[in-house]
Amino acid sequence: MYKAVTPADIAALKDILAPERVLSGEEIPVDYSHDELGGVSHMPDVLVTALSTEEVSAIMKYANAERIPVVVRGSGTGLVGAGVPIYGGIMIDLTKMNRILELDEENLTVTIQPGVLLMELAAFCEGHDYMYPPDPGEKSATVGGNISTNAGGMRAVKYGVTRDYVRGLTAVLPTGEIIKTGGKIVKNSTGYSIKDLLCGSEGTLAIITEAIMKIVPLPAITLSLLIPFPSMEQAIATVPKLVRCKASLVAIEFFETETILFSETYLGKRFPDTKAPAYLLLTIDGNEQAFIEREADKVSDLCLAEGALDVFIVDTEERKTSVWSARSAFLEAIKSSTTEMDECDVVVPRNRIAEFIIYTHELAQEFDIRIPSFGHAGDGNLHIYICRDALDEETWKRKLSEIFDRMYAKAKEFEGLVSGEHGIGYAKKDYMAEIYGEDTIALMRRIKAAFDPNCILNPGKII
Amino acid sequence: MKIIACVKQVPGTSEVEIDPVTGAMKRDTVAGKLNPYDLFSLETALSLAEQTNGTVRTLSMGPPQAAAALKETLWMGAESAVLLSDRKFGGADVAATSLALSYGIREMGDYDLILCGKQTTDGDTAQVGPELAEKLGIEHAANVTKVLDVTDHDITVEIDLDDAVEVLKMHLPCLLTVNKDANTPRLPSYVKKREMDGKEEIRVITFADIKNADENKLGLKGSPTQVERIFPPDKNKEKEMLRGDKEQLSGELYRILSERKFV
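Those protein sequence lines, which keep their order, are chains A and B.
Residue 356 in my numbering sits at position 306 of the first sequence, with consecutive numbering throughout.
Residue 98 in my numbering sits at position 91 of the second sequence, with consecutive numbering throughout.
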């Protein structure tokens, strides 16, 4: 189906790039064969480091002509195997294309290369009194990767997701042509929105080599509230009421104490409160202290009326760090609590989230397996982890597959979707096909073929 | 156990403004917050009080707006708070501050233990705690990282001496300054805040309230130290990396140090 990489191909790539930026065979570190969680691994035959759009274009022209599969790689923090070269071939590492090219304060945009890390972009913007609102937990991910999965994060309730901040993209098509889509423009009714198609396409349609990202003025005050509840059901049942109360909420996060305890062990640091079984973590932002206090009082009173045990005020930098650093480490913390795990990044309408979590608890009991979860309760996106612990391989695979089937069936019943922000990649293809049905998948295949007639760019992913 | 926790309101940011005439820090230009170091000593105080069925009272010296920091200690679980506030206390250095605090503690009556943060984020001297103990004539230990044991008569603590850890058993009453990251401080409670509803009781002690106070040893007038200039320390980002075996490294290090006249 694909051409195997030959010494002549390696020599040709060394000609296109500098020889030291082309590694093959044993020279390639094993890290490049997998992501954080996808449950799939395969080594690329060649690993190349590209430094410019033109280099990426030249590589794609060569690969397309030779029918060699190509996979793009950022920080490798994906969770569904999207960045794993399952057919081998060429892997293009874009992490060295990591420059912030321009801050345009008149158009409120930042132009970046795809290898800029999320934490670098966030710090850069804050340093100039701006905010790049998308705030996924994995801060060492590249922004190119965030665009490719349409990452969401913890400010989505108020600010939306990565797609809402992509103004324009420069991309290399699988056939090597360089296109520009969108730009430093606020409005755009000019034809199909290719940038929106590329955003969330997990490196299957084109390779993003430059991005113009929208930024907003940095809010002067940010306040978080950590709210203990006597039960998970009460915590989560409060969420739709918070959504309805018209408060200026940036984040509504949900977690159970078991998850906090994993993170205490993982970080070696105590969380400020672990006395209650479940917590909501809210954030409010704005520019006036009086406004923030009014909003905080409103949501605090609401939570107390709904049975919250207290409302803890997280107002200073130190307090925010003590709470949010634990929140950001939840995934790694759960991972370190077990032998192996797989995840479900399901998204459901916000008013169904309580039912869905209760359902995962029922599954945990029925299958006698640990299923810790946490999530972006305010936007209906849950992160559910099925932990293998001491199960043997066969039982683990069987239980995992049955649990996934049941969860995604429930998501479908609730009119939810397979992934809120981690993507489909390799691991969730079947579940997406099941939810979307044949016609939509066929349309997606035709879109893929229009971009990539020889199907060389990240084959075997999404569809 | 009766505990007094000393706290200070510090500027909300690291950029502080200095009065060019007096050299004293202007405290009314930026929003204040509870000194981050005091959060750890306050947490130590509150958890010790829980363990021993004791009480925590908090004490601060500062302008009237420093009451906000004390209110926060009440929302965190302190029982009552005292603010030493008088123009005569203003502009104090570590000596005058610790004297004023010792007057305040005298007015507060019986105590078994006094807890202070290791230092503040504005002054950074780390001297007020130990000096206060001297003024009170009680034992003290600085850089406490852990309380190991407490009885009716003594307390056993672990202190961090950078290159060693020392375990000390001390008689009560005594004073401890608690290190950063010794624990995870609890958060202020909105429920407690709502219960108090702006009616937090903060006893204000002025100069006139203190018997036999020596005015000449208080405030700017009673401060032997005068601040000439205050500035954040330089952030040195330059690094030189030396490579080699032990002998090469030590030789090279000696050469550099003598070249720059450090040895």
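No wet-lab data here; the hints were simulated from the structure.
It should be emphasised that the depicted structure is a prediction, and the values quoted were computed from it without experimental measurement.
Each hint should be verified, as a subset may be incorrect.
What the hints assert, rightly or not - One side of the interface only, derived from the structure: several residues of chain A facing chain B at Cβ under 8 Å:
| # | residue |
| --- | --- |
| 1 | 316 |
| 2 | 319 |
| 3 | 361 |
| 4 | 370 |
| 5 | 372 |
| 6 | 485 |
| 7 | 486 |
| 8 | 488 |
| 9 | 489 |
| 10 | 490 |
| 11 | 491 |
| 12 | 495 |
Ideal Cβ placement from N, Cα and C applies to all residues, glycine included.
Could you work out which of the previously given hints the structure breaks and list their numbers from low to high?
Of the numbered hints given earlier, those the structure breaks are 1, 4, 6, 7, 8, 9, 10, 11 and 12, listed in rising order.
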